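Participant: Letter by letter, the chains look like this.
2 protein chains.
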Amino acid sequence: MPKYEDSHLLEAFRQGHRPALARMLTRVENQHPTTTTLLDQLYPSTGDAWRIGVTGPPGAGKSTLVNKLVTNYRKTDDQVGVIAFDPTSPFTGGALLGDRVRMETIGLDPGVFIRSMATRGHLGGLAVGVDEACDLFDAFGHSKILVETVGVGQSELEVANATDTTLVVIVPQSGDSIQAMKAGLMEIADIFVLNKSDRDGAEDAYRELVSIISMKEMEDGWRAPVLMTAANKGEGIAELSGMIASHRKHLVETGRLEQRRRKRTVAKTRRLIEDELSKKLWTPDRAAQTESGLAQGDSPYTMSQRLIADFYEELRREQEHSKTERS
Amino acid sequence: MPKYEDSHLLEAFRQGHRPALARMLTRVENQHPTTTTLLDQLYPSTGDAWRIGVTGPPGAGKSTLVNKLVTNYRKTDDQVGVIAFDPTSPFTGGALLGDRVRMETIGLDPGVFIRSMATRGHLGGLAVGVDEACDLFDAFGHSKILVETVGVGQSELEVANATDTTLVVIVPQSGDSIQAMKAGLMEIADIFVLNKSDRDGAEDAYRELVSIISMKEMEDGWRAPVLMTAANKGEGIAELSGMIASHRKHLVETGRLEQRRRKRTVAKTRRLIEDELSKKLWTPDRAAQTESGLAQGDSPYTMSQRLIADFYEELRREQEHSKTERS
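So the sequences go chain by chain: E and C.
For the first sequence, position 128 matches number 128 in the numbering used here, and the numbering has no gaps at all.
Count along the second sequence starting at 1, add 327, and that's the number in the numbering used here.
In case anyone wonders, no lab produced these hints; they're calculated from the structure.
Among these hints, one or two may not hold up.
As the list claims (entries may be wrong) - The list that follows gives simulated cross-link-like pairs (lysine to aspartate or glutamate, EDC-like), each with its CA atoms no further than 20 Å apart:
(1) E:Lys279 <-> C:Asp637
(2) E:Lys280 <-> C:Asp637
(3) E:Lys263 <-> C:Asp625
(4) E:Lys280 <-> C:Asp602
(5) C:Lys607 <-> E:Asp310
Stated by the list, open to error - What follows is a set of in silico ranges between Cβ atoms, one per label pair, in the way DEER data are often shown:
(6) C:Val579 <-> E:Arg317: 27 to 37 Å
(7) C:Glu580 <-> E:Asp285: 52 to 62 Å
(8) E:Gly201 <-> C:Arg401: 35 to 45 Å
Stated by the list, open to error - Below, a sample of chain C positions facing chain E; criterion: calculated Cβ distance under 8 Å:
(9) Ser605
(10) Thr617
(11) Ile635
Here the structure is a predicted model, which is why all the values come from computation and not from measurement.
Note that beta-carbon positions come from the ideal geometry of N, C-alpha and C, so glycine has one too.
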């Protein structure tokens, strides 16, 4: 891939060159210094894509479902994007060869862009910037963006916050829906997908899930429906994409979409600020000072106060310096 | 509960008054302004307690296991503390009445202090300060602290970081150990507990788990062992507490304990600083300014830069002001 100047990169991106999108995504992942400026310039081009989160426990068939949804969307949509955070997903290369081969059907389609991103650390927590990645896909002209994540708590919540419609995928297995409830998945689901519904016990699982949902309070007039799919056979996919469209219509008509998106941009602003302050504060010097102070038995409580005072002092000196330079 | 002055509270805490511990825990949860100072004063009294994390998927029997471990420890330990973050745990009152009644056996023991704490938001993320809560239990004189958390990603990692020995509890159920592996539990387990091992299939599950673990690289000479328990019958509890003691011995002898604890205090310092900066930056004014700017279509990227500049300016003005006052 050629090296890009920022202006050239932006130009190539706007002309729809896929390597430019790839490059921008890498910059987001690596927290490249000029990324914020580039994202800022692309921001006015965002807002049209529908962002769909796909989450649920490992083994629920999320990747297969995403694959089939993409194929379905490609009948009408020009461009569809996939972001996979699941380290065990075939999209991220973490699965068996057979799965990967199946994924190549959509992987070879020039209207589909698939990107796997690393999760932060071993457990939970998405990579830096699922939001930024979605903005990029959006600005690039994708009309649907599917974000797949492994079902481990924090990352689910992050995906739910970053997307417009959240699908929670579970399989008919004894107690699975109760476990999902306990794990907090009920709160984030806009639509439940009971996948592998050709299995024994699917009807029971369906009734169990519906009865659990019926106890939940409705949020702004939307009660998460349960859809049965058998993604590997392509069953229920058209119905699911119809339901996603209904959810979109509901959010738009009730004004809830605007609310959600505003909440999202507020959260994003907070996160960007925290990242920047943290980067500025944690110089190698301060990190070393912290380590050695703590090793000598200073309490973290004392140490944090000391570092904050030091940080403020540094900022003050910087400001004075820039003042002097200006005068 | 009477109102305490800080000095009185500290005095009562040091004399071992349980209401003082309860009050301090509440202060930690509520981020009471003088908490840091109090924690700092208690810090030299910490370090003796052994902190045990108990995590795993919902329904694995974690609470029953904790209950039995506490009873076992109370044969030799003066004081044992329990912190429950699992909203579905009987300890937090989230479970059925029958479970709660069983818990009362240890709940009535004056040598046991049980505290349930809220998780941050619906999903993942522990409440503010599992670390601080452990410090309080520790300084109060508890020799064992058990921290129970529901198995949803982020919170597990937080517990693993806050404790000395992490137990991962699973049940013999088809594919459960593979799911645990996918969910990242393999990485954090110091000891695996195969609970409900009186169930059919326990032997198979045991072999499956051991074979998965054998593929894992050993960390500093410790390979997480698998223990079979049937906590509801009290089976395997003595063996488990023996294994926890072995792990402790291992960590102490290899110097790994010191490393772990140093890493923990560094992380805690970072967190304290981030919390404080965030509190200072997010005044109601700035929050309102952010909301309205974003509502008018400003990008989060622009907005974050503007707020950071404004924050720095505020700090500079504060410094100037305090200088003027001093002179």
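Participant: Interface hint check: Ile635 (chain C), Cβ to nearest Cβ on chain E, cutoff 8 Å. Holds or violated?
Facilitator: Hint holds; Ile635 (chain C) Cβ to chain E Cβ min 6 Å, cut 8 Å.
Participant: Please check whether Glu580 (chain C) and Asp285 (chain E) have a Cβ separation lying inside 52 to 62 Å.
Facilitator: 34 Å, violated
Participant: Is the Cα-Cα distance between Lys279 (chain E) and Asp637 (chain C) 20 Å or less?
Facilitator: 18 Å, holds
Participant: Verify the CB-CB distance for Gly201 (chain E) and Arg401 (chain C) against the hinted window 35 to 45 Å.
Facilitator: 43 Å, holds
Participant: Take the C-alpha atoms of Lys280 (chain E) and Asp602 (chain C), compute the straight-line distance between them, and say whether it is at most 20 Å.
Facilitator: Within the cut-off at roughly 16 Å; holds.
Participant: Using 8 Å as the Cβ threshold, decide whether Ser605 (chain C) counts as touching chain E.
Facilitator: Since chain E brings a Cβ to about 7 Å from Ser605 (chain C), closer than 8 Å, the hint holds.
Participant: Double-check Thr617 (chain C) for me: the hint is only fine if its C-beta lies closer than 8 Å to a C-beta in chain E.
Facilitator: 6 Å, holds
Participant: Keeping to a limit of 20 Å between CA atoms, is the pair of Lys263 (chain E) and Asp625 (chain C) held or broken?
Facilitator: 14 Å, holds
Participant: Does the structure keep Lys280 (chain E) and Asp637 (chain C) at a Cα separation of 20 Å or less?
Facilitator: 16 Å, holds
Participant: Between Lys607 (chain C) and Asp310 (chain E), is the straight-line Cα distance small enough, at 20 Å or below?
Facilitator: Within the cut-off at roughly 15 Å; holds.
Participant: Holds or violated: the 27 to 37 Å window for the beta-carbon distance between Val579 (chain C) and Arg317 (chain E)?
Facilitator: Violated, since Val579 (chain C) and Arg317 (chain E) (Cβ atoms, about 44 Å apart) do not stay within the stated range.
When held up to the earlier numbered hints, the structure conflicts with 6, 7 and fits the remainder.
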